[in-house]
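**Q** Chain residues, written in single-letter form:
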Amino acid sequence: MMQFAAERGPYYVFVVLMVLGVYLLLTHRSLLKNFVGLYLMQLGIVVFFISIAVRVGGSIPVMLGEGHDVAVHNPVPHALMVTAIVVSVATLGVAIAILLRIQKQQGSIDEDVDEAEDPEGGS
Amino acid sequence: MSTLPTWMFLAPFLGALLVGIAGWSVRGLVRPVALGAMALTCGLSVAALLGTLGGEVLVTHMGGWPAPLGIVWSVDRLGAFMSVVVAFVSGVALVGSRATVRAELEGRETGFYTCALLLVSGLLGMTATADLFNFFVHLEVASLSAYALVAAGGRGAPQAAMRYLIIGSLGASLYLLGVGFLYADMGSLNMRDVAQLLPETDGRLASLGAAFMVVGLAVKMGLFPLHGWMPSAYGRAPFASGAMMAPLVTKVAAYGLVRMLFWVFGYERLQGGLLLEVLCWAGAAAMVVGAGLAFFQRDLLRLLAYSSISQVGLIALGVGLGNVSARTGAVLHIAGDGLMKGVLFLVAGALFVRHGIRKVDDLGKLRGREPLLSATVVVAGLSLVGIPPLVGFFGKWYVLVGALEAGRTEFAALIVIASLGTVAYVFRVLEKLYFAPRTDALPPAKPGGAMAMASAAVLAVAVVGLGLASSVVVQSFLMPAMEVP
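These protein sequences, in sequence, are chains A and B. Per my numbering, the first sequence starts with residue 1, numbered consecutively. Per my numbering, the second sequence starts with residue 124, numbered consecutively.
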């Protein structure tokens, strides 16, 4: 049982982060909380990618010359996830800028503004 | 090896950096620099098209590393065709954006032109990449620029942009998760390499990955029932932003779907499967529902948004049917709807600048005062309905032929029903423009918007031209381009 949990640990982290993220996305009206949910989901995906890079008994992916045939962790998912983290940080930046703009216009970011057309046609 | 595929998206990217520098030092140079970068981009994409006419594939190996170890960029005929559509429509929209930028984004020109060029860079990167992960990165470059372009609008726009950001990033995350499943299964991200490795796997992990990727792209292309972000984002975006992003963002995501389904997963493997069937029905539902809801919109931009949902549905149906006729129709319609929506968003912007009109009902107040704009609306509108020889007819025709070839008469019937819905909403607009009862007249038109009108006219001519040339384009170029090697 313990071994099972140890082997699948990263997958549980992935699943918990995804479920938490989807929960926040679906059940809250607040755009800020929705965004936090989205961010948790993106973190979950990062954990997923990192967990598929692991080799049992692997070491760091540095080649120490000829005859050094130790199993190494796959470095590619790490490189991908550095990029994905940059993308999600960029998304975070844009989201915060938009939320600030909402607050400047409305005085609050939680106010739920009409989805439908307003009578005078906006702007 | 050719470096053209990378220069195609680097040109607008470097242009965006230069625009930022110009905005910080010499404000007057912002627009000329942006237009210059856009002209260069158009030239490069035309060069790519000429270079691939005979079926050659332009390939760049980043850093000289061969595939599948290295990262590859490649442009084949389909990619070159999409690049030309993206560069042409966005270039013309950028030329036509002066008056709308002045009207709504005064003092924020630098931000607008930077985001617009980054958007083009992202879209061209999507058409040129041969790597599943780089597709994600470019998708996000394009999407983040689109969020910013929407958020620049007035009241309600930031909320619409935030909702767009959350739903859009969710779609991109699902796509990335799908790529993760494929990578876990095959250990490769190169599209061609994955396509070759796929038959050797048991296919379970790959099917899951494919499902996630398709759902993610469906969110990005606004496919019903995942279209929730579109009406408010298009309706609230500034006119200049709408003309840049609305014709293209969803279309290039649809191109991504074509690329993934036919070049990576392979039609033979998907044929008769659940994925394509769901795609067909979602597309058919989108066509009908989008056209129906478009009829009830009071806001002109929201009407165009629902029209886009309907047209994206036709594209998804063509992709889902998957035979050569249907997928050729889908790709032709990607180009056709890009041109038509370009015309209509530019016209909407010009009408707003000159008369302050945003509502469909207010079009009646024009009383024939804008003959050129009205004529372009007629061309784009009839093309949406599918009147030959306009380009909208041919896209729809090939999808229809594909549906009949596949023996799916129910989809052929739904295409006809959706066309009737399209007739209803297009003629509602045309009736207001030409036959509305005389009401109180508008004050005289404000000056400006000449470039927007000229740009709309250029795109309308392209709608006619691509329609007239479509038999040549399809037979000698698109059909062979859609044959997957």
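Bear in mind the hints are in silico, worked out from the structure with no lab data behind them. All of these numbers come straight from a predicted model, not from anything done at the bench. For each residue, glycine too, the CB sits at the ideal point set by N, CA and C. Treat the hints with care, since some could be wrong.
As the list claims (entries may be wrong) - So, partial list: chain A residues that the calculated Cβ filter (under 10 angstroms) puts toward chain B:
{"hint": "1", "residue": "Y12"}
{"hint": "2", "residue": "V16"}
{"hint": "3", "residue": "L20"}
{"hint": "4", "residue": "Q42"}
{"hint": "5", "residue": "L80"}
{"hint": "6", "residue": "A95"}
Unchecked claim - With a straight-line Cα cutoff of 35 angstroms, these simulated DSBU-like cross-link-like pairs (lysine-lysine) come out:
{"hint": "7", "chain 1": "A", "residue 1": "K33", "chain 2": "B", "residue 2": "K569"}
{"hint": "8", "chain 1": "B", "residue 1": "K569", "chain 2": "B", "residue 2": "K555"}
{"hint": "9", "chain 1": "A", "residue 1": "K104", "chain 2": "B", "residue 2": "K482"}
**Q** Take the hints in turn and mark each one as holding or not.
**A** Evaluated hints:
1. Y12: With a closest approach of 16 angstroms, the A:Y12 hint is violated.
2. V16: violated (15 angstroms)
3. L20: Since the shortest Cβ distance to chain B is 14 angstroms, the answer is violated.
4. Q42: holds (6 angstroms)
5. L80: Hint on A:L80: holds, closest Cβ of chain B at ~6 angstroms, below 10 angstroms.
6. A95: holds (6 angstroms)
7. A:K33 x B:K569: violated (44 angstroms)
8. B:K569 x B:K555: At roughly 21 angstroms apart (the allowed maximum being 35 angstroms), B:K555 and B:K569 satisfy the hint.
9. A:K104 x B:K482: holds (27 angstroms)
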